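Taken in sequence, the protein lines are chains A and B.
Note that our numbering has the first sequence beginning at 1, numbered continuously upward.
Note that our numbering has the second sequence beginning at 1, numbered continuously upward.
Hints in this document: simulated from the structure, not taken from any laboratory.
Since the structure is predicted, the reported quantities are computational estimates derived from the model, not experimental observations.
The hints are all genuine.
DSS-like, lysine-lysine: derived pairs with alpha carbons at most 25 Å apart: (1) A:Lys-139 x B:Lys-55; (2) A:Lys-186 x A:Lys-213; (3) A:Lys-186 x A:Lys-168; (4) A:Lys-97 x B:Lys-55; (5) A:Lys-97 x B:Lys-52; (6) A:Lys-8 x B:Lys-206; (7) B:Lys-52 x A:Lys-139; (8) A:Lys-168 x B:Lys-221; (9) B:Lys-221 x A:Lys-8; (10) B:Lys-221 x A:Lys-62; (11) B:Lys-221 x A:Lys-237; (12) B:Lys-178 x B:Lys-202; (13) A:Lys-97 x A:Lys-118; (14) B:Lys-52 x A:Lys-91.
Some but not every residue of chain A turned toward chain B, in silico, with C-beta under 7 Å: (15) Val-12; (16) Ser-56; (17) Arg-74; (18) Lys-139.
Ideal placement from N, C-alpha and C gives every residue a C-beta, glycine not left out.
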Amino acid sequence: MESCLKIKVGAVLLPGDVFTFIKTDTISLTDTLKDEKIICGPGLRRNGDDVVVCKSGVLRHKNPNLYWVDSQQRRYVPVKGESVIGIVTTKSGDVFKVDVGGSEQASLSYLAFEGATKRNRPNVQVGDLVYAQFLIANKDMEPELVCIDSSGRANGLGVFGAGGLLFKVSLGLVRRLLTPQNEILKDLEKLYPCELVLGMNGRLWVRAATVQKTLIVANLLESSENMTAQQRRTLFKRVADGNL
Amino acid sequence: MEVCSSDGFNFNVTLREFGCEQSLLSRPDGSSSFIQGDTSVLAAVYGPAEVKVSKEIYDRATLEVVIQTKVGLPSVKERSQEQCVRETCEASLLSSLHPRSSLTLILQVLHNDGSLLSCFLNAACMAFMDAGLPMSCLFCGVTCAIAMDGQVITDPTATQEKESRALLTFAIDSTEQKVLMSSTKGSFSVHELQECIAISQKASEKIFQFYRESVQRRYSKTL
Numbered sequence: 001m002e003s004c005l006k007i008k009v010g011a012v013l014l015p016g017d018v019f020t021f022i023k024t025d026t027i028s029l030t031d032t033l034k035d036e037k038i039i040c041g042p043g044l045r046r047n048g049d050d051v052v053v054c055k056s057g058v059l060r061h062k063n064p065n066l067y068w069v070d071s072q073q074r075r076y077v078p079v080k081g082e083s084v085i086g087i088v089t090t091k092s093g094d095v096f097k098v099d100v101g102g103s104e105q106a107s108l109s110y111l112a113f114e115g116a117t118k119r120n121r122p123n124v125q126v127g128d129l130v131y132a133q134f135l136i137a138n139k140d141m142e143p144e145l146v147c148i149d150s151s152g153r154a155n156g157l158g159v160f161g162a163g164g165l166l167f168k169v170s171l172g173l174v175r176r177l178l179t180p181q182n183e184i185l186k187d188l189e190k191l192y193p194c195e196l197v198l199g200m201n202g203r204l205w206v207r208a209a210t211v212q213k214t215l216i217v218a219n220l221l222e223s224s225e226n227m228t229a230q231q232r233r234t235l236f237k238r239v240a241d242g243n244l
Numbered sequence: 001m002e003v004c005s006s007d008g009f010n011f012n013v014t015l016r017e018f019g020c021e022q023s024l025l026s027r028p029d030g031s032s033s034f035i036q037g038d039t040s041v042l043a044a045v046y047g048p049a050e051v052k053v054s055k056e057i058y059d060r061a062t063l064e065v066v067i068q069t070k071v072g073l074p075s076v077k078e079r080s081q082e083q084c085v086r087e088t089c090e091a092s093l094l095s096s097l098h099p100r101s102s103l104t105l106i107l108q109v110l111h112n113d114g115s116l117l118s119c120f121l122n123a124a125c126m127a128f129m130d131a132g133l134p135m136s137c138l139f140c141g142v143t144c145a146i147a148m149d150g151q152v153i154t155d156p157t158a159t160q161e162k163e164s165r166a167l168l169t170f171a172i173d174s175t176e177q178k179v180l181m182s183s184t185k186g187s188f189s190v191h192e193l194q195e196c197i198a199i200s201q202k203a204s205e206k207i208f209q210f211y212r213e214s215v216q217r218r219y220s221k222t223l
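This is chain A alone, in the form it adopts within the complex (with noise of 0.2 Å):
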């Protein structure tokens, strides 16, 4: 079955295409059996002995076995381990709730800060932005978030967000911009220095040094989704000329 998905690695693939595991009858004496191990990623489902494919879009491969399929999407589903921007909107109790884009509400403990104990509680207002990482994310329970890591460090999660504007993406455009070493960030360091975080639901917050430039970065990026390389750069180009 490996082979029927390596052909298909970059070809665009439809809900309800199948790959099945192609039975060999005869056992070849002189070749040792080797077993397959394919990882599914994103996209692809396990039906008995076959893989189906659930979403639309094109198919990846990273070696040695891990295959997905890469689909552009709006909407977030939360996943456990990724970090995301959320708005606080209500404190209730010990836990705040904090709106993530997808189907339920997160809950935020308020000892899931760095420092936090139960007399000292963190500053958190409603309506602040929190970045924050999954630590329980599956489709039966609430998803719940916390602002430290396993050791207990804060490591860049928190509220942040004083001046700066957050704005919405499509799921693809930040999963593009997580790359390391991509295109799109490298033409953008060039062109003004800009604080920027980045939420794998979709959300992004730009700071620069005046309002216009944070707005200029704001559309570059938004409409960096659309466009082709050589677009791309050329509108970087336009700007960087003082054009716009």
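Fit chain B to the given chain A structure using the hints.
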């Protein structure tokens, strides 16, 4: 739109010109517009989103379908069409992956020139794919009209529908070409019903091929 039905089942199924566009609306999570000849429908999908506690289902997503006509308030006819579309979608969406969430599908009629229910189904399928909702298979809608002289016409226009003695719409799935939903009006024989099902299954191949091409065109920019 004419079909010559012979005993050997060698018929040419002709359908009207198709057109489709995805992601044309900015607010919904998925949207599509589907055009069959002159019939044009716009579909928008929101989900998985928050659901009212009174409507939540503990192990599946709650699917709600709303059909808006071009003129006037929705009536009983729209309600029955919503029911048909909802049953087809429930059969192909993997709604157990999003329990206690809501999926909303809104279908807006832009122009009705016959085969409206199958246009709703096609637009709904493209919108679900655009929203990235997990599906076990694709589905499509095909409408057949049986004229007074017994001839079967696929994808009829509004005038052909008015002059027919029976109108049959089938929803076909992509994996086994089985009938997911059927909605019929008028009188016809068992033999004619089986003939129409066979014709719809043949026509569905063309529609699925069209889905594949339009999705490939959409992803061609990022490839």
